[in-house]
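Novice: Chain A is already provided as a structure; the job is to place chain B on it using the hints.
There are 2 protein chains.
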Amino acid sequence: MSTFTGDHRPASAREAAAGLEWLARTGVPWSAEPDVIASRRLDRSGWEPPGSPSGVAFPRTVADVRAVLKGAAETRTPVVPRGAGTALTGASAAGSGSVVLDLSGMNRILDIRPADGVAVVEPGVITADLDRAAAAHGLRYAPDPASLELSTIGGNVATNAGGLRCAKYGVTRDAVLGMEIVLAGGELLTTGRATLKGVAGYDLTGLFVGSEGTLGVIVSATLRLRPLPAATATIAAYYPDVESAAAASVALAEARIQPVLAELLDQATLDAIDPGLRSAGSALLIVQTDGDQAEAAHAAEVLRAGAVSVQVSEDPEPLLYARRQALPSIERLGRPLIEDIAVPRSRLAEAVRRIGVIAARHDVRICTVAHAGDGNLHPLIVAGSHGSPIPEAAVRAGDDIFALALELGGTVTGEHGIGVLKRQWLAREAGPLSLDLQHRLKAVFDPLGILNPGKAL
Amino acid sequence: MSTFTGDHRPASAREAAAGLEWLARTGVPWSAEPDVIASRRLDRSGWEPPGSPSGVAFPRTVADVRAVLKGAAETRTPVVPRGAGTALTGASAAGSGSVVLDLSGMNRILDIRPADGVAVVEPGVITADLDRAAAAHGLRYAPDPASLELSTIGGNVATNAGGLRCAKYGVTRDAVLGMEIVLAGGELLTTGRATLKGVAGYDLTGLFVGSEGTLGVIVSATLRLRPLPAATATIAAYYPDVESAAAASVALAEARIQPVLAELLDQATLDAIDPGLRSAGSALLIVQTDGDQAEAAHAAEVLRAGAVSVQVSEDPEPLLYARRQALPSIERLGRPLIEDIAVPRSRLAEAVRRIGVIAARHDVRICTVAHAGDGNLHPLIVAGSHGSPIPEAAVRAGDDIFALALELGGTVTGEHGIGVLKRQWLAREAGPLSLDLQHRLKAVFDPLGILNPGKAL
Numbered sequence: 001m002s003t004f005t006g007d008h009r010p011a012s013a014r015e016a017a018a019g020l021e022w023l024a025r026t027g028v029p030w031s032a033e034p035d036v037i038a039s040r041r042l043d044r045s046g047w048e049p050p051g052s053p054s055g056v057a058f059p060r061t062v063a064d065v066r067a068v069l070k071g072a073a074e075t076r077t078p079v080v081p082r083g084a085g086t087a088l089t090g091a092s093a094a095g096s097g098s099v100v101l102d103l104s105g106m107n108r109i110l111d112i113r114p115a116d117g118v119a120v121v122e123p124g125v126i127t128a129d130l131d132r133a134a135a136a137h138g139l140r141y142a143p144d145p146a147s148l149e150l151s152t153i154g155g156n157v158a159t160n161a162g163g164l165r166c167a168k169y170g171v172t173r174d175a176v177l178g179m180e181i182v183l184a185g186g187e188l189l190t191t192g193r194a195t196l197k198g199v200a201g202y203d204l205t206g207l208f209v210g211s212e213g214t215l216g217v218i219v220s221a222t223l224r225l226r227p228l229p230a231a232t233a234t235i236a237a238y239y240p241d242v243e244s245a246a247a248a249s250v251a252l253a254e255a256r257i258q259p260v261l262a263e264l265l266d267q268a269t270l271d272a273i274d275p276g277l278r279s280a281g282s283a284l285l286i287v288q289t290d291g292d293q294a295e296a297a298h299a300a301e302v303l304r305a306g307a308v309s310v311q312v313s314e315d316p317e318p319l320l321y322a323r324r325q326a327l328p329s330i331e332r333l334g335r336p337l338i339e340d341i342a343v344p345r346s347r348l349a350e351a352v353r354r355i356g357v358i359a360a361r362h363d364v365r366i367c368t369v370a371h372a373g374d375g376n377l378h379p380l381i382v383a384g385s386h387g388s389p390i391p392e393a394a395v396r397a398g399d400d401i402f403a404l405a406l407e408l409g410g411t412v413t414g415e416h417g418i419g420v421l422k423r424q425w426l427a428r429e430a431g432p433l434s435l436d437l438q439h440r441l442k443a444v445f446d447p448l449g450i451l452n453p454g455k456a457l
Numbered sequence: 001m002s003t004f005t006g007d008h009r010p011a012s013a014r015e016a017a018a019g020l021e022w023l024a025r026t027g028v029p030w031s032a033e034p035d036v037i038a039s040r041r042l043d044r045s046g047w048e049p050p051g052s053p054s055g056v057a058f059p060r061t062v063a064d065v066r067a068v069l070k071g072a073a074e075t076r077t078p079v080v081p082r083g084a085g086t087a088l089t090g091a092s093a094a095g096s097g098s099v100v101l102d103l104s105g106m107n108r109i110l111d112i113r114p115a116d117g118v119a120v121v122e123p124g125v126i127t128a129d130l131d132r133a134a135a136a137h138g139l140r141y142a143p144d145p146a147s148l149e150l151s152t153i154g155g156n157v158a159t160n161a162g163g164l165r166c167a168k169y170g171v172t173r174d175a176v177l178g179m180e181i182v183l184a185g186g187e188l189l190t191t192g193r194a195t196l197k198g199v200a201g202y203d204l205t206g207l208f209v210g211s212e213g214t215l216g217v218i219v220s221a222t223l224r225l226r227p228l229p230a231a232t233a234t235i236a237a238y239y240p241d242v243e244s245a246a247a248a249s250v251a252l253a254e255a256r257i258q259p260v261l262a263e264l265l266d267q268a269t270l271d272a273i274d275p276g277l278r279s280a281g282s283a284l285l286i287v288q289t290d291g292d293q294a295e296a297a298h299a300a301e302v303l304r305a306g307a308v309s310v311q312v313s314e315d316p317e318p319l320l321y322a323r324r325q326a327l328p329s330i331e332r333l334g335r336p337l338i339e340d341i342a343v344p345r346s347r348l349a350e351a352v353r354r355i356g357v358i359a360a361r362h363d364v365r366i367c368t369v370a371h372a373g374d375g376n377l378h379p380l381i382v383a384g385s386h387g388s389p390i391p392e393a394a395v396r397a398g399d400d401i402f403a404l405a406l407e408l409g410g411t412v413t414g415e416h417g418i419g420v421l422k423r424q425w426l427a428r429e430a431g432p433l434s435l436d437l438q439h440r441l442k443a444v445f446d447p448l449g450i451l452n453p454g455k456a457l
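Protein chains in written order, with UniProt numbering: chain A, 1 to 457; chain B, 1 to 457.
Keep in mind the hints are simulated off the structure, nothing from the lab. Hints should not be assumed to be uniformly reliable.
Copies of the same chain look alike in the list, so a pair counts if it fits in one copy or across any two.
Here are the computed lysine to any residue pairs in the SDA-like style, where the Cα-Cα straight-line distance is at most 20 Å [stated by the list, open to error]:
no.	residue 1	residue 2
1	Lys442	Gly334
2	Lys70	Pro229
3	Lys70	Gly27
4	Lys70	Leu433
5	Lys442	Thr190
6	Lys70	Val36
No experiment lies behind these values; they were computed from the predicted model shown.
Chain A on its own, in the form it takes in the complex (with noise of 0.2 Å):
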């Protein structure tokens, strides 16, 4: 990143070779290294888009971004909104003759407000730094996906980000109150509220959220703060197959337990992280409650019926550490493909016993990890090694892993979004009259076709 020309000199020669002495003109931080390209042109989903974007736009401000969405619909530039690039669909990544939109620097919590208990944030503010500075005042930002030390605010709420506490605390559209959004031309849209409560329109607020960045780019966000628990519980219990797993997850919610999470481990997964975890079960439950001792106390009951051993802990680390390890430990076995299904609770020890159907018939091998608090699997499809073309097996299971989860009354994602490697599924679930509605919106928000264009429908 040497070399931003954001200064406004003439456009040089090479500036008109890549098309780009808008972008110049526009007085924002740019490069068209190929280096800084490079860096930003991928997402971690393995899809490659056909060629290289023009260019990176650095905004620092919010009339920055506006200038860059001015410039891009003057000369019909497609642009590619972009946090930290975590996204495993694709919805990040950038093609021929785009230009990369990078809203990494645009990262700072505008304001932390406890008594009425919301923040406003810019979008490259990481999720984590923000959950870390609520907890200052007591207070956390309750959505957690996986990739909260690297994800950015901003792309949570462009793929409504999910997580392990959403079980108990909502995802990511729970927690947006209001935004800032910059359209297609440039004009700056405020939409939601600054309250905790309000009806007033339409929701333009969840429209934006979850959509990809292709109706508009999020130049701030009001975020919903809750308080911190006191203190949690964590409880780790194995049982001897899937089914007994699922069945204690589903006896929580029966047993009027909401727990903030519930973490179900596989026997693919468990010998992925340790074979000598077999002689302890064959499906790991991990359950986090922040009530009272009672409650805990209620729940390791509840989890002990059919399980073969149950641990309590008030210190989660130790007993989440065999989830941490799940997605590492199977990195070590090849490159996985982190596949995202949800199916309705009750339908989950089913889910987790075909997908095994599903690896054995493409002889895969597939480890599951769900929140089984509210349904959602994720098959994580080992796909040879690192760096090598992707087996077509491993593409045939997870086309059938969708397939599984529409049979099953679900959806084929259930936190990480449509982006690139979805679309044909999103149009057997959404249909052709749902599909025809969203393209619908999309034109009424970006009629040139510009936003991150043949992403998320």
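Specialist: What follows is chain B alone, placed relative to chain A:
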């Protein structure tokens, strides 16, 4: 309703006179009897639409709704969807040339799936009936608008209804997972999902929630149910002034306590209920928690700071009695205009105090009840006697209250919606860019402008 004319007989002279041959041909039960029309042309806002609707349709099935909307599109007949007619904004008032679509007959709870934590209902189900049905499974439907014994789920969803316990458990929006919607031309759209989590495509579900019947007609909803709490504790604390009461509600948040409800009654309200209460204090804060006894004790301790008196009870009814008496007591003083604004929680005391100034300026009586947990105030303006014209002073006081909400960084409606009465205030709050986008969204779904025209925007 003695004259359902839903059989397929040829259109009569009276139908022809009303221009309703098309409705008769649908085979859907309907009536054009004056008393039937009279009982369904108004809501509870006091707003009188110009003229009367031509008829009322009583659909029993999704196919009925589709037939009515198809016929309405063909004949360009405005359709006003209606649940129980409890709107306070004119949203369900129907004027000249329109047909009322009375959905109260579609009132079946189609499914309750405790293991999945969801219910599927028709739009005419009474909110409290669903909550009671869920309770049989140890669950509840959390949103609890004050009208819950009268109002329907369809109406709740169409207005994104709030309530008391949404301070902790969210508003209607947070409970709606998916819907079936009949579009303006009669097509049937499915939105959302049956799972607790899902992010496939734009959030059409959220767009329909709160759209007041202007984008489509809800014919079923898949709703999230939550565990019933094991026990609740209710605390009533009297304070010497409203500032202390509001400060106490903020102190709860700062003590990391998330009450289920936190209701504030100002002095004017207490005077209306019983002038003798003045000796207890000038403001009453009623708080309910549903955690453990330690949480309740902690909440009581926090509320004690600055309080004149504090009472705690495991039986909520005696302490909630004053809250429940507020509206009936004020109604004995005259016809209340029930206003509805929300402000940042830290501005609550200032809002109540300045509403008192507004009351004095216009020489009207205003009693304010607030959902203090989320900064949502209901100033009840005593506007002359029941049935008399609304005094100009009351209207001007209302306008000053809406302007105050905006000045304090709030919204002109926390939970009642826009309807007809607040359209000009929506325009001020949202601004021309947002309003233009909202009109364009309306045009996507209702290009002929026949769905509840003149409402919500």
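Novice: To test your reading of the hints: which numbers does this structure violate?
Specialist: 1, 2 and 6
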